[in-house]
Amino acid sequence: MKYSYIKPRKKTPFSTDLQLVLTFFMITIIMLFGTYAFLLFKDYRFVKNRQELEQSKVALAHNIKKMEDEIAYIKKQKAVANEIYTQNMVLKDSIANLFDLVPERITLSRADLLKNGLILYGITPNKDVYNFMLQAPLRSIFQETYTSFYPVQNGWLRFVSTNYINEDEAQTKDDSNED
Amino acid sequence: MFAKIFEALYIKVLVNIVRQSTSTLVYIELHSKKGMIEHLHNEFDTTVLDEAMREFITTYTKESPYYYISVLDSSSEQGAIPTCSKNKINYYTDLSDAEYKCFDGKWTYYTSKSDIYEIEEHYKAIGVDFIFSPFLIMHNFFQDKITKSVAIYALVQDGYISISVFNEGELLYAEHLDMQASTDPDEMMLTDGLDVSEEDLDLESGIDLENIDVEGDENAILDDLSDIEDLDALEDIDEFSDAKDVEEELLENEEEILKEAEEQEDGSFNEDYQRFSLIQTAISHFYKDARYESQFLENIYIADCVGVSRDLKKYLEEEMFLNVYIRKADIEAELCELAKQELGI
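Each protein sequence line maps, in turn, to chains A and B.
The working numbering puts the first residue of the first sequence at 3, with every later residue one more than the last.
The working numbering puts the first residue of the second sequence at 20, with every later residue one more than the last.
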């Protein structure tokens, strides 16, 4: 608008009909591209999901293995616990049995349980009471029994009874019993 | 960017419309990237946009979406003022209801907003892209002369006359006159013409030999005859002889030979006298109006778009002592030149 009083109208090579047709084609193309873009996006999402699932699958497999290991470990622990429990029960029974063996007239002051033996400390009124009432049952259990006495002030005897199981003999005895 | 590519692919159609007093000129140029392909000219005996004119124009505008319709502003409310400064514009005229543009930071051309709206409404069926002022055409047409010494320039159209005074490229005065709106030529001659010739232009006051009292005092006679010496002195003034535009005269002589053969005297006498009167009035305004920087005018350059008779030249030379140079102008082609400049073609 250098010289003219008015601005020229905007010129375009697109007539109204052409604009309509082009608009239609543009909408169609946009829709096609939109669909294509949507499918591409979905495909991308699918691939990504698959990758995520594969990763989670690997992670889960790893977790399963870990849990299986834990289960195995717990099972072992359980077996050990059961064994200990059984042993404890056996020990408890043994101790109960041991105390059942001790007559009322003899008083135990200490008992040491060994792997293959038993050491008992106590007071007995006399040796006979000990020999007849405690040593006899001990001898039936242990192959080797050693007892030492020493007197206390009131005339009673303090004793230390050391008892061992001879394992070879015990094994043989068990085998013969089984036979 | 796409617009530029499309523009390069299509041809440009320049439609130029000049509304005259009783007819309308339509000039069409078709331009490709390489240059002008075709140009057509048609004159319609109507001033309204009738079916024939519309069909003629649309036949060519259909060829390309890049068509530009230019219209020459012929409204009587237009003009030009010798300043671009917004503070000084009001000193010359009130442009509150006018559309105006500054030319080259030197002068302003304007027209009323209602006339622009009227043109747009008039050509609503085909639309209008450009509306140009006749002063631009005049400036463009006399570009080689305007930058030189002071002279009066006139664009003579059918029914209109645009007058301007330029001095070394600077506009001093401008006026657009509607011949139909102007008063009776005889009346004008008796009023304005006399004002100029008797009061302002003393050159016209010759020596009336009848008034010389032969039987009176010898000294009185000699006093009267002293005016003759003044005439001799006038011939010696170099300015008058040097002011002649020799180059223009040579060009004009060739045109005159052709024009004389074509010239039709019927009816043109009155019109030319009216034109002369209007020019005379305009010069009178220029000299009288204190708002304009007054300078002595010796040369007048006329862009003749209608084929003026020799009478106009004779009137101007004999009555106003002006050196008159007339150039034939094709107004619609000149309008097209402006449209091309506007579009940068």
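Think of the hints as simulated: they come from the structure by calculation, not from any bench.
Just so you know, these numbers come straight off a predicted model, no measurement behind them.
There's no promise every hint is true.
[Stated by the list, open to error] Result set (DSSO-like, lysine-lysine): computed pairs, CA atoms no more than 30 Å apart in a straight line:
| no. | chain 1 | residue 1 | chain 2 | residue 2 |
| --- | --- | --- | --- | --- |
| 1 | B | 105 | A | 4 |
| 2 | A | 80 | A | 67 |
| 3 | B | 333 | A | 4 |
[Claimed, not checked] Simulated restraints on C-beta separations:
| no. | chain 1 | residue 1 | chain 2 | residue 2 | range |
| --- | --- | --- | --- | --- | --- |
| 4 | A | 14 | B | 143 | 17 to 23 Å |
| 5 | B | 28 | A | 45 | 36 to 42 Å |
| 6 | B | 139 | A | 45 | 44 to 50 Å |
| 7 | A | 15 | B | 329 | 49 to 55 Å |
| 8 | A | 45 | B | 20 | 32 to 38 Å |
| 9 | A | 52 | B | 28 | 46 to 52 Å |
| 10 | B | 124 | A | 15 | 22 to 28 Å |
Built from N, CA and C at the ideal position, the CB exists for glycine as well.
Hints and how they fare:
1. For the proposed pair residue 105 of chain B and residue 4 of chain A, the alpha carbon gap of about 18 Å is at most 30 Å, so the pair holds.
2. Between residue 80 of chain A and residue 67 of chain A, the direct Cα distance comes to roughly 19 Å. Compliance with the 30 Å bound is thereby established for this hinted pair.
3. Taken as a hint, the residue 333 of chain B and residue 4 of chain A pair is broken in the structure, with Cα atoms around 38 Å apart against an allowance of 30 Å.
4. The beta-carbon spacing between residue 14 of chain A and residue 143 of chain B, approximately 20 Å, falls within the hinted interval of 17 to 23 Å.
5. As the Cβ distance of residue 28 of chain B to residue 45 of chain A is approximately 41 Å, the hint placing it in 36 to 42 Å holds.
6. About 58 Å separates the C-beta atoms of residue 139 of chain B and residue 45 of chain A, a value inconsistent with the hinted range of 44 to 50 Å.
7. Distance hint for residue 15 of chain A and residue 329 of chain B: a CB-CB separation of about 51 Å, consistent with the stated range 49 to 55 Å.
8. The hint said 32 to 38 Å for the Cβ distance between residue 45 of chain A and residue 20 of chain B, and at roughly 35 Å that hint holds.
9. At roughly 51 Å, the beta carbons of residue 52 of chain A and residue 28 of chain B sit within the given window of 46 to 52 Å.
10. Range check, residue 124 of chain B to residue 15 of chain A: about 36 Å between beta-carbon atoms, so the 22 to 28 Å window is missed.
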